[in-house]
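Undergrad: Read off the chains here:
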Amino acid sequence: MPGEPAKKQRRGEYQVSLEENEGKLPQKKFYRQRAHANPFSDHSLTYPKCPEEMDWASYYPAYAVQNQDEQKQEQRTESESHDQHPVPPEDAPSKAISKPVEIADIGCGFGGLLFALAPKFPDTLILGMEIRTSVTSYVQDKVRALRAQNTSTSSFQNVSCIRANTMKFLPNFFSKAQLSKIFLCFPDPHFKQRKHKARIVSYTLNSEYAYVLKPGGMVYTITDVKDLHEWMVGHLEKHPSFERVKDEELESDACVEIMRQETEEGKKVERNKGEKFVAVFRRMKDPPWP
Amino acid sequence: MNFPYQCLEACNRSTGDRNEWLLFGGCGSDLVIQSSSGESSVWPPQKDESDVVDEPQEPPGKKIKLSPSNERTSTFACLKVSNDKKHVVAITSEDKYIRVFKIDSKCRLQQLSERCMARRPCALALTPDDETILCADKFGDVYALPLIAPADDGQNGTEPGEATDTAPQKEFSPAASILTVHSGSNRKVLEEQMKQASKGKVKTKEPLKFKHDLLLGHVSMLTDIAFTTVDGKGYILTADRDEHIRISRGPPQAHIIERFCQGHDEFVSRLCLTASGLLVSGGGDPDLLIWDWMKSRLLQKVCIRNAISAHLKGQAHLTTRVPEDEDTFKIAVSGIWHKPDSQQEDSFLVACEGIPALVYVKLGPQVLLETIGLKGNALDVSFIQLSDSTWTVVVSVDNVHNPGSTTEVREDELDAELDWFDRRAPAMTRNAQSRDAGTGGETGGGSSRRVDEKAVRNVLYGIENLRKRAGGDEQE
Ligand SMILES: C[S@@+](CC[C@H](N)C(=O)[O-])C[C@H]1O[C@@H](n2cnc3c(N)ncnc32)[C@H](O)[C@@H]1O
Chain A
1 MPGEPAKKQR
11 RGEYQVSLEE
21 NEGKLPQKKF
31 YRQRAHANPF
41 SDHSLTYPKC
51 PEEMDWASYY
61 PAYAVQNQDE
71 QKQEQRTESE
81 SHDQHPVPPE
91 DAPSKAISKP
101 VEIADIGCGF
111 GGLLFALAPK
121 FPDTLILGME
131 IRTSVTSYVQ
141 DKVRALRAQN
151 TSTSSFQNVS
161 CIRANTMKFL
171 PNFFSKAQLS
181 KIFLCFPDPH
191 FKQRKHKARI
201 VSYTLNSEYA
211 YVLKPGGMVY
221 TITDVKDLHE
231 WMVGHLEKHP
241 SFERVKDEEL
251 ESDACVEIMR
261 QETEEGKKVE
271 RNKGEKFVAV
281 FRRMKDPPWP
Chain B
1 MNFPYQCLEA
11 CNRSTGDRNE
21 WLLFGGCGSD
31 LVIQSSSGES
41 SVWPPQKDES
51 DVVDEPQEPP
61 GKKIKLSPSN
71 ERTSTFACLK
81 VSNDKKHVVA
91 ITSEDKYIRV
101 FKIDSKCRLQ
111 QLSERCMARR
121 PCALALTPDD
131 ETILCADKFG
141 DVYALPLIAP
151 ADDGQNGTEP
161 GEATDTAPQK
171 EFSPAASILT
181 VHSGSNRKVL
191 EEQMKQASKG
201 KVKTKEPLKF
211 KHDLLLGHVS
221 MLTDIAFTTV
231 DGKGYILTAD
241 RDEHIRISRG
251 PPQAHIIERF
261 CQGHDEFVSR
271 LCLTASGLLV
281 SGGGDPDLLI
291 WDWMKSRLLQ
301 KVCIRNAISA
311 HLKGQAHLTT
321 RVPEDEDTFK
331 IAVSGIWHKP
341 DSQQEDSFLV
351 ACEGIPALVY
361 VKLGPQVLLE
371 TIGLKGNALD
381 VSFIQLSDST
391 WTVVVSVDNV
401 HNPGSTTEVR
411 EDELDAELDW
421 FDRRAPAMTR
431 NAQSRDAGTG
441 GETGGGSSRR
451 VDEKAVRNVL
461 YGIENLRKRA
471 GGDEQE
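Same order as they appear, the protein sequences are chains A and B. According to the numbering used here, the first sequence is numbered sequentially starting from 1. According to the numbering used here, the second sequence is numbered sequentially starting from 1.
This is chain A alone, in the form it adopts within the complex (with noise of 0.2 Å):
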């Protein structure tokens, strides 16, 4: 595409100057990207194997784990005998963090969310999902800079944002119950139908949300398309591990006022002075096997 180079070195000289000044919060229209990204191409995705392999401290370094001297010791005696797994050398920093990811912003564009929900959920660690490159490194240097703006309060070490296409690697991220809640705010409509599959709810998808959610945990839709409004609301109450919470309840909680106004889509339909429709779905436990 002609033009491209250029565009890529303003960027380029952009996070130098980024880089230099810590705490300064980065503009989106260095990091604009082609709306849609293909869900079903392979991208250039880094993902962990499992759960356990992901380098959960370089995205919440407030909360890295110290390597115990204890715990070495018993990996180091466990190792003589199985002779498998080799110990990681002495100073290797840990990946592990002191507690579980439990919110997740599945596909969090420019993490209007995130940063709205971090002040409201502080010991609670909180993670955007993006497939978009730029769009994520947007969030990663928002996420610094108010870090470093916040070092007096550690406000802001709690939230963090990956690049990933969660409707393939989800159970790479997060392991079996671990999440309370999962966001799904504004998703992108595929309005044609062979795009169907392309949707991040699907009554197949809803499965792995069931997997990585713990029962009684939240999924929170919004959006502003009537249609995948109805889309969503039915494959959801189809799903047997998911039950819909009731109006009533939504009242008193704080997420539905916050997913409404403080999105960036959220913000684009006010202005447009459209309509949002909200739907909020409980993880119910599994039955019995029969």
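Since the hints were made in silico from the structure, they are not lab data. Hints may be right or wrong, so weigh each one.
To spell it out: a stretch of chain B is covered by chain A in this simulated footprint if at least three of its residues, at any positions, have a beta carbon under 8 Å from a beta carbon of chain A; those stretches are [to be verified]:
#1 216 to 224
#2 238 to 245
#3 251 to 263
Every residue gets a Cβ at the ideal spot worked out from N, C-alpha and C, and that includes glycine.
Position chain B with the ligand against the provided structure of chain A, taking the given hints into account.
TA: Frame of chain A, contents of chain B with the ligand only:
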């Protein structure tokens, strides 16, 4: 040159006082069957047979075909005999059909149903009660179909969302209102949709007109499926191109994912359960992974890549198949078969794409690895029981390509496309078996037909293509 047997299946059955084995081979678009009692037939029935009759009012000799079976070119991709040995379930690739055949006492196949799936099926499993076919497709979904389609099999598919998704809409309402905020491309699609609607030609897909229930789905291409029962509980195991092995509950709770077995670096292409219930998985990695799948625990990695490269290097005409830097040698597992004669031990055979050998693996405190050389690339494997204690392995080999290659056409004629490890079994070649059998002496019909190497290659070798290319297709 004949079309090789791209897939094989075998079973033993007793009818009355007779104990016999049956061998099925998918040979291009033909399904060939032979029994130990010497009976054999081909489906679809050959011309001049039952599907062609004389039309009385026509001039003598003019024949009318009743079925277009001879024009059918869709190739058999997968064969599965039911547990009760009464039926064969088959996938034919290009036309996306699941076909169910009844095996009669004379070793003939009668097609009971052909059901066209929405997406190309790529693997099959049957529940132990033979009631249900589990069909995994290229789009990542698994459907349950009754083995025997009910007589009133009308439009009773229950695909969640199908009612709104694919049923013809009475009144078209656009998917969003113009008021809503959209990206430029969304707006274009929407405008297009409304334009079409005003012209009254909104095309909606025909729903499948037979019972098929969507059980589960990956957002990835499925490569294999297995069903097993442990302590009375059914499990569905599915493998995909994105390195996943998923364990779900069996129907009616197939929407519940119990766990994943995570450990592959490359695509997973085959799953196999051993005698003791361990899971063996293989794909684009150098290793097979051995799992205590009920606990998602990786027990062991068995490196078959090195066994294969050692085998190739030991044969003068095959040494060049292994690259100088052996670490860059790639294999793609095309089959793992648990040996049925070993109830106590966990042993199995493994085939890789384009490799003229099988790897025999026996698990235990000391893993035993052996390679068995073949005259052509291994395609499929089946086991036949000759007596209480003797089994024989039947292997179909590629007679079109050079051993060790998936592209070079071989010049020599292979004397048989089937290789038997135990020569006590009757030798079976194409001519002896298929064309003259059952159809009244049309000897050699197969050999006169030239096969198109490219077509053969496409049918036989698709697994290495599952490997992701470096760099990917990043969109900016
Ligand atoms: C319309 S935007 C909404 C962004 C944000 N949630 C908001 O409400 O402002 C949808 C986002 O989902 C992302 N997305 C789409 N498919 C995805 C996938 N499979 N994995 C992760 N992100 C995805 C898109 O790149 C896009 O940024």
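Undergrad: Next, verify each hint and record whether it holds.
TA: Structure-based check of each hint:
1. 216 to 224: holds (count 5)
2. 238 to 245: holds (count 3)
3. 251 to 263: holds (count 9)
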